[in-house]
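Number of protein chains: 2
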Amino acid sequence: MTEPSITDWAARIMAGDRRALALAITLTESQRIDHRTEADALLNLIWSRTGHAIRIAISGPPGVGKSTFIETLGTHALAAGRRIAVLAIDPSSRLSGGSILGDKTRMETLTRHANAYIRPSPAGETLGGVARRTREAIALCEAAGFDLVIIETIGVGQSELTAANMVDMFILLLAPAGGDDLQGIKRGIVEIADLLLINKSDGDLEIAAKRSETDYANALRLLRPVSTDWQPQVHRCSALTGYGIDIVWSTILAHATAITTSGERDRRRCQQDILWFREELRERLLNFFEVDPSLRLFIPRIEEDVRRHILAPPTAAQRILNTLPLPRER
Amino acid sequence: MTEPSITDWAARIMAGDRRALALAITLTESQRIDHRTEADALLNLIWSRTGHAIRIAISGPPGVGKSTFIETLGTHALAAGRRIAVLAIDPSSRLSGGSILGDKTRMETLTRHANAYIRPSPAGETLGGVARRTREAIALCEAAGFDLVIIETIGVGQSELTAANMVDMFILLLAPAGGDDLQGIKRGIVEIADLLLINKSDGDLEIAAKRSETDYANALRLLRPVSTDWQPQVHRCSALTGYGIDIVWSTILAHATAITTSGERDRRRCQQDILWFREELRERLLNFFEVDPSLRLFIPRIEEDVRRHILAPPTAAQRILNTLPLPRER
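These protein sequence lines are chains A and B, in that order.
The working numbering puts the last residue of the first sequence at 331; the count rises by one with no breaks.
The working numbering puts the last residue of the second sequence at 331; the count rises by one with no breaks.
Calculated from the structure, these hints are not laboratory results.
For every residue, glycine included, the Cβ atom is placed at its ideal position computed from N, Cα and C.
Any given hint could be a false lead.
Said to hold, decoys possible - Here are a few chain A residues that sit away from chain B, every Cβ distance over 10 Å (derived from the structure):
| # | residue |
| --- | --- |
| 1 | Glu143 |
| 2 | Gln232 |
| 3 | His236 |
| 4 | Ile248 |
| 5 | Val307 |
| 6 | His310 |
| 7 | Pro314 |
| 8 | Gln319 |
Claimed, not checked - According to the in silico footprint, chain A covers these stretches of chain B (three or more CB under 8 Å from chain A):
| # | segment |
| --- | --- |
| 9 | 204 to 217 |
| 10 | 238 to 246 |
| 11 | 251 to 263 |
Claimed, not checked - So the derived label-pair ranges between C-beta atoms look like this:
| # | chain 1 | residue 1 | chain 2 | residue 2 | range |
| --- | --- | --- | --- | --- | --- |
| 12 | B | Asn288 | A | Arg225 | 29 to 35 Å |
| 13 | B | Asp216 | A | Gly189 | 26 to 32 Å |
| 14 | A | Glu265 | B | Asn288 | 55 to 61 Å |
| 15 | B | Thr38 | A | Leu276 | 26 to 32 Å |
| 16 | A | Asp306 | B | Asp35 | 23 to 29 Å |
| 17 | B | His77 | A | Arg225 | 56 to 62 Å |
| 18 | B | Leu241 | A | Arg225 | 51 to 57 Å |
| 19 | A | Ile275 | B | Ser251 | 51 to 57 Å |
| 20 | B | Ser6 | A | Thr27 | 54 to 60 Å |
| 21 | B | Ser49 | A | Ser6 | 57 to 63 Å |
| 22 | A | Asp205 | B | Gly264 | 45 to 51 Å |
| 23 | B | Arg20 | A | Pro226 | 43 to 49 Å |
| 24 | A | Glu265 | B | Ser6 | 49 to 55 Å |
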């Protein structure tokens with residue numbers, strides 16, 4: 002695609018064209034160098050139109066009801082006049098075979114609504130690739146006029162931290178049950194949550210949910226809040242009955258107001274952009290390196306010496322570095 | 002330190018001098034560029050004397066009794082004439098404040114034995130740093146004559162996979178209890194284990210341990226073995242009473258024989274060395290980049306444009322790359 006059509010493309014995204022948006026996100030997922038160049042150009046053209054949305058991440062153990070919760074919360078936010086984009090982070094989809102994409106019943110209402118955009122996670126990505134794609138997708142969705150961006154983490158392990166590093170607010174959804182260990186939550190995740198929600202507070206589970214709410218509220222008092230402008234909260238809700246969803250929504254708005262007013266939101270986003278920049282730099286540097294024609298021949302020769310146990314791997318790496326036309330001394 | 006003394010140092014390590022070994026491992030932990038250069042030289046000098054040890058990783062959830070198990074297994078292996086090095090991988094020590102180092106009762110017998118060397122994990126490291134240090138420590142311990150190297154993973158999450166990528170055999174220690182989720186084991190870890198051990202098969206827990214043994218044996222039958230030369234096994238043991246430790250030891254020896262005879266051990270180590278080489282290359286390239294004097298001035302200027310939301314981070318990264326004296330086109 003040539004420059005003028007990239008400009009057109011950007012204009013269509015900014016006019017709210019969903020097809021242009023979807024294609025742009027697909028473009029950011031491509032590994033091809035020419036696609037990467039186009040994606041860079043596109044992102045730069047829409048860049049001044051980004052930043053106005055509330056960005057939240059929603060995480061929680063499998064089975065806690067994240068999709069249903071997002072459906073219920075999203076419907077509430079739509080009624081409040083919001084335009085909603087939901088992006089999934091699922092680094093495990095490579096292993097699970099992308100079951101998410103096949104599950105057609107997920108977020109049925111949101112999927113059909115004109116003011117909602119659901120983007121499932123593509124299968125076959127590394128966490129690094131997911132992070133890059135998701136950051137670019139957030140920017141593209143904002144440029145397309147979505148003012149509430151929800152990142153849903155589906156994977157395990159590192160994905161919560163990855164998600165927390167690209168949003169304003171981190172929401173952890175829990176089941177009315179025992180400790181974190183029993184729920185398969187990685188240690189430290191509770192500590193980064195701005196809002197803890199005990200979901201499934203309905204029917205037989207309501208009493209257990211109340212107990213969990215008290216337990217976590219007590220635990221939170223012992224933790225130093227991540228932010229100076231926001232004290233993490235615990236609430237109960239039920240994505241099934243809708244109980245507590247109004248409080249969740251008003252808490253999200255209160256959090257957004259608190260951190261925007263204090264300037265913390267902008268400081269945080271600044272730091273996130275610098276982190277993104279450094280990750281991109283690292284990633285591009287490595288790609289760059291791999292396509293250098295002379296190194297493409299030299300690396301396999303050095304690797305052969307590593308295979309034959311002639312060279313220790315650190316020395317082998319240093320030999321490659323010594324061939325670079327860059328300053329070698331401090 | 003100058004070249005001749007590095008040669009002396011290497012000679013002392015290869016003569017089994019424990020102080021020279023300990024200092025060398027400390028050297029590999031240093032971030033200083035001159036230390037890195039020395040560590041490279043040292044490693045290269047001892048490189049031909051590495052590779053003869055059995056390398057195993059022992060992992061398992063907190064509280065399963067890893068330290069006691071290593072103490073019991075190690076004592077058994079010492080009696081069989083082995084020289085044992087135990088290295089800890091603990092990426093979480095930065096958060097837990099290095100409690101391991103303070104815990105003086107860990108592996109008391111091994112600590113005092115002339116043929117055993119225990120190296121606790123240094124606090125304050127990233128997982129990448131831990132992996133590099135551990136790989137170099139394995140090589141140094143082998144050069145010093147240790148013929149059984151045990152990597153103990155203490156942290157959570159990625160550390161098991163990191164450990165598995167630097168050993169011949171991966172042992173997972175489990176408690177006689179419910180499913181993996183209840184034990185806080187990351188999905189996929191059972192699948193990479195060459196040997197599953199149900200520890201604490203003593204007293205009241207023996208019946209539960211037998212049930213767990215059957216459960217895991219059945220589960221393993223459904224999994225495709227990672228190796229074509231080894232079918233993963235499940236055994237019960239008790240680090241406390243010593244029950245089953247003889248079987249564990251003979252299984253370790255049987256595994257070593259099986260993969261050595263078939264050539265799988267060497268193939269695996271080859272791949273691990275290539276992985277190590279690539280990780281080193283990546284790490285060094287980034288460091289290299291950060292110390293380039295012209296880039297050290299340029300990067301903060303570009304970052305300022307990112308902070309002021311003038312440049313999208315991917316474009317900012319590309320601008321840096323475009324300044325490099327490397328080929329810019331495919």
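**OP:** Please name the hints from earlier in the document that this structure breaks, with their numbers sorted from lowest to highest.
**Re:** 5, 6, 7, 8, 9, 10, 11, 14, 17, 18, 22
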